[in-house]
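A.B. asks: Input sequences plus hints: build the corresponding full structure.
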Amino acid sequence: MLVLSRKTNESIIINGNITVSVLRVDNDNVRIGVEAPLEIPVMRKEIYEEIKSNNEQAAGSAKQRVKQLVNN
Amino acid sequence: MLTIENKSTEVAPQAEASAEISGLDLYFASGLLGFELNKDFELITDPELAPYQWLRGKDADQSFLVIPPGYVVEHYSIELADEDVALIGLENSEDAVVLNIATYHADETVTVNLKGPIVYNKSTQKARQVVPRNAAELSLAHPMGN
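Taken in order, these protein sequences are the chains called U and A.
Quick note: the first sequence, position 51, residue 51 per the numbering used here, numbers continuous.
To convert, count from 1 in the second sequence and add 72; that's the numbering used here.
A portion of the hints provided could be inaccurate.
Each computed DSS-like pair below joins lysine-lysine, with the alpha-carbon atoms no more than 27 Å apart [unchecked claim]:
(1) A/111 with A/194
(2) U/52 with A/194
(3) A/79 with A/198
(4) U/45 with A/198
(5) A/130 with A/194
(6) U/7 with A/194
(7) A/130 with A/198
(8) A/79 with A/194
(9) U/52 with A/111
(10) A/111 with A/198
(11) U/52 with A/198
(12) A/111 with A/130
(13) U/7 with U/52
(14) U/45 with A/79
Just so you know, the hints here were simulated from the structure itself, not pulled from any lab data.
C.D. replies: See below:
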């Protein structure tokens with residue numbers, strides 16, 4: 001993992017189009033600002049993992065099977 | 073920020089309107105969470121599946137069972153971030169359609185993800201799976217009653 005030190009109001013830039021800025025630091029709480037193109041979703045990792053895992057469970061390919069279940 | 077509200081009474085007549093199978097192409101510029109590379113889907117409305125619909129992946133053999141929230145909970149309100157509104161080109165909340173992904177479990181129960189809904193724009197057919205601003209108060213696995 002790349003590790004960089006930044007102070008309040010300093011940023012890093014990723015891929016020339018994503019800017020991550022440190023807005024405020026209070027003890028162990030860091031406020032971060034992210035500017036990214038619209039098509040790049042930005043969210044807290046815990047919530048991403050939660051929804052991703054739910055999507056993986058939900059993903060299927062057997063519409064006929066679902067139809068049978070729904071009509072049971 | 074745009075708030076979209078769904079009430080159960082608002083969706084009921086819509087689903088009964090068509091007796092034939094129909095499809096609507098939807099483009100997910102960011103894919104679904106965990107399925108970022110799958111961008112093209114077809115939303116299939118099949119009367120035999122009602123009130124569920126089938127979101128068929130066109131890039132890969134990955135499809136999802138979805139349901140309008142009005143069939144799941146009495147009142148559902150999500151607050152969309154400006155980025156989500158802009159990505160799907162939403163100019164007013166009337167163009168927005170909300171769907172929730174349903175999971176069929178091995179024990180034949182169904183749960184619905186209210187926390188990460190799909191929102192699409194009827195006019196642009198652009199869609200995104202969003203994390204609403206009020207996600208913390210929404211359930212990831214809401215049980216469907218029988």
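A.B. asks: All hints are to be evaluated individually against the structure, with a verdict given for each.
C.D. replies: So, going through the hints one by one against the coordinates:
A C-alpha spacing of about 17 Å is found between residue 111 of chain A and residue 194 of chain A, which places the hinted pair at or below 27 Å, so the restraint holds. For the hint pairing residue 52 of chain U with residue 194 of chain A, the CA-to-CA distance comes to about 25 Å; that is within 27 Å, so the pair holds. With a C-alpha separation of about 23 Å, the suggested pairing of residue 79 of chain A with residue 198 of chain A holds against the 27 Å cut-off. Under the criterion of a C-alpha separation no larger than 27 Å, the hint pairing residue 45 of chain U with residue 198 of chain A is consistent with the structure, at around 24 Å.
Distance restraint check for residue 130 of chain A and residue 194 of chain A: the Cα-Cα separation of roughly 19 Å lies within the 27 Å cut-off, and the hinted pair is therefore satisfied. Straight-line distance between C-alpha atoms of residue 7 of chain U and residue 194 of chain A comes to about 44 Å, which puts the hinted pair past the 27 Å bound. At roughly 15 Å between alpha-carbon atoms, residue 130 of chain A and residue 198 of chain A fall within 27 Å of each other, so this suggested pair holds. Annotation: proposed proximity of residue 79 of chain A to residue 194 of chain A holds, straight-line Cα distance about 18 Å (limit 27 Å).
A distance of roughly 15 Å separates the Cα atoms of residue 52 of chain U and residue 111 of chain A; the hinted pair therefore holds under the 27 Å criterion. For the suggested pair residue 111 of chain A and residue 198 of chain A, the alpha carbons sit about 10 Å apart, so the restraint of at most 27 Å is met. Restraint check for residue 52 of chain U and residue 198 of chain A: satisfied, since their Cα atoms lie roughly 20 Å apart, inside the 27 Å limit. With a CA separation close to 8 Å, the supplied pair residue 111 of chain A and residue 130 of chain A stays within the 27 Å bound.
Proximity of residue 7 of chain U to residue 52 of chain U is assessed by CA-CA distance (about 33 Å); at most 27 Å being required, the pair is judged violated. Taken as a hint, the residue 45 of chain U and residue 79 of chain A pair is broken in the structure, with Cα atoms around 31 Å apart against an allowance of 27 Å.
Figure legend: structure checked against the earlier numbered hints; hints not met, in rising order: 6, 13, 14.
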